[in-house]
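K.L.:
From first to last, the protein sequence lines stand for chains A and B. First residue of the first sequence: 1, per my numbering; consecutive thereafter. First residue of the second sequence: 1, per my numbering; consecutive thereafter.
Just so you know, these hints were derived from the structure itself, not from any lab. Ideal placement from N, C-alpha and C gives every residue a C-beta, glycine not left out. Possibly wrong hints are sitting among the right ones.
[To be verified] Think about it this way: if two alpha-carbon atoms lie no more than 25 angstroms apart in a straight line, the pair counts; the simulated PhoX-like pairs of lysine-lysine are: (1) A:K113 to B:K44; (2) B:K62 to A:K49; (3) A:K49 to A:K68; (4) B:K62 to B:K44.
[Stated by the list, open to error] Cβ pair distances, simulated, as ranges: (5) A:S9 to B:N72: 29 to 35 angstroms; (6) B:L70 to A:P79: 33 to 39 angstroms; (7) B:Q17 to A:S9: 44 to 50 angstroms; (8) A:A97 to B:L70: 24 to 30 angstroms; (9) A:K69 to B:E15: 43 to 49 angstroms; (10) A:L56 to B:E63: 45 to 51 angstroms; (11) A:S84 to B:E3: 47 to 53 angstroms; (12) A:S26 to B:K68: 45 to 51 angstroms; (13) A:P79 to B:K68: 43 to 49 angstroms; (14) B:P71 to A:L111: 30 to 36 angstroms.
Here is how the chains run, residue by residue.
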Amino acid sequence: AQSVTQLGSHVSVSEGALVLLRCNYSSSVPPYLFWYVQYPNQGLQLLLKYTSAATLVKGINGFEAEFKKSETSFHLTKPSAHMSDAAEYFCAVSDRAAGNKLTFGGGTRVLVKP
Amino acid sequence: GEEVAQTPKHLVRGEGQKAKLYCAPIKGHSYVFWYQQVLKNEFKFLISFQNENVFDETGMPKERFSAKCLPNSPCSLEIQATKLEDSAVYFCASSQSTEYQPQHFGDGTRLSIL
Numbered sequence: 001a002q003s004v005t006q007l008g009s010h011v012s013v014s015e016g017a018l019v020l021l022r023c024n025y026s027s028s029v030p031p032y033l034f035w036y037v038q039y040p041n042q043g044l045q046l047l048l049k050y051t052s053a054a055t056l057v058k059g060i061n062g063f064e065a066e067f068k069k070s071e072t073s074f075h076l077t078k079p080s081a082h083m084s085d086a087a088e089y090f091c092a093v094s095d096r097a098a099g100n101k102l103t104f105g106g107g108t109r110v111l112v113k114p
Numbered sequence: 001g002e003e004v005a006q007t008p009k010h011l012v013r014g015e016g017q018k019a020k021l022y023c024a025p026i027k028g029h030s031y032v033f034w035y036q037q038v039l040k041n042e043f044k045f046l047i048s049f050q051n052e053n054v055f056d057e058t059g060m061p062k063e064r065f066s067a068k069c070l071p072n073s074p075c076s077l078e079i080q081a082t083k084l085e086d087s088a089v090y091f092c093a094s095s096q097s098t099e100y101q102p103q104h105f106g107d108g109t110r111l112s113i114l
């Protein structure tokens, strides 16, 4: 069975500071990994995906993530936080052996301080 | 359409009543997924379809939950004899046929059972 762990349910950063959201996964097959963002009362918006190509993946809104197989990690970063980055972020792994259903981490809420 | 469309946005039912939720996937997407989000952060996979065929229903509480995706109609998720614990936001997602294509999510239906 697959699993995703997001360390830290809440992260507070100052505007302009580095954003780092941690994600570790467990998968019996080479994983497909995703980061989604959820704004209040909205659905999930895809930030970026890893599908076994380049290990450093660039996404929308200045976010990027690095796949590290040895650490089973897929941490999300953004060099400079903006107020509009305040949202809930979810890391997910696709179950390639079972129809690609997603298993999500518990989410990390990002608060951006002015 | 270009977005996954879910209706209604909010649905209120008394305990024991029936609830029916609808989802129109993105045109050209072959796969439809339903997820239940409880407590603002926990996503649970319910069921997936490949076109009109059930692909994976391992997450469905079968005694009260049912779902369909019929040709030329929105997909639907129906809950019979609702319980208080069914209160959640139900998300629909769709994806193209290839396995590394990401799932695109609708804005969800918030179901409140009173």
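K.L.:
Taking each numbered hint in turn, which are not upheld by the structure, reported in ascending numerical order?
P.N.:
The structure conflicts with hints 1, 2, 5, 6, 7, 11, 12, 14, although it agrees with all the remaining ones.
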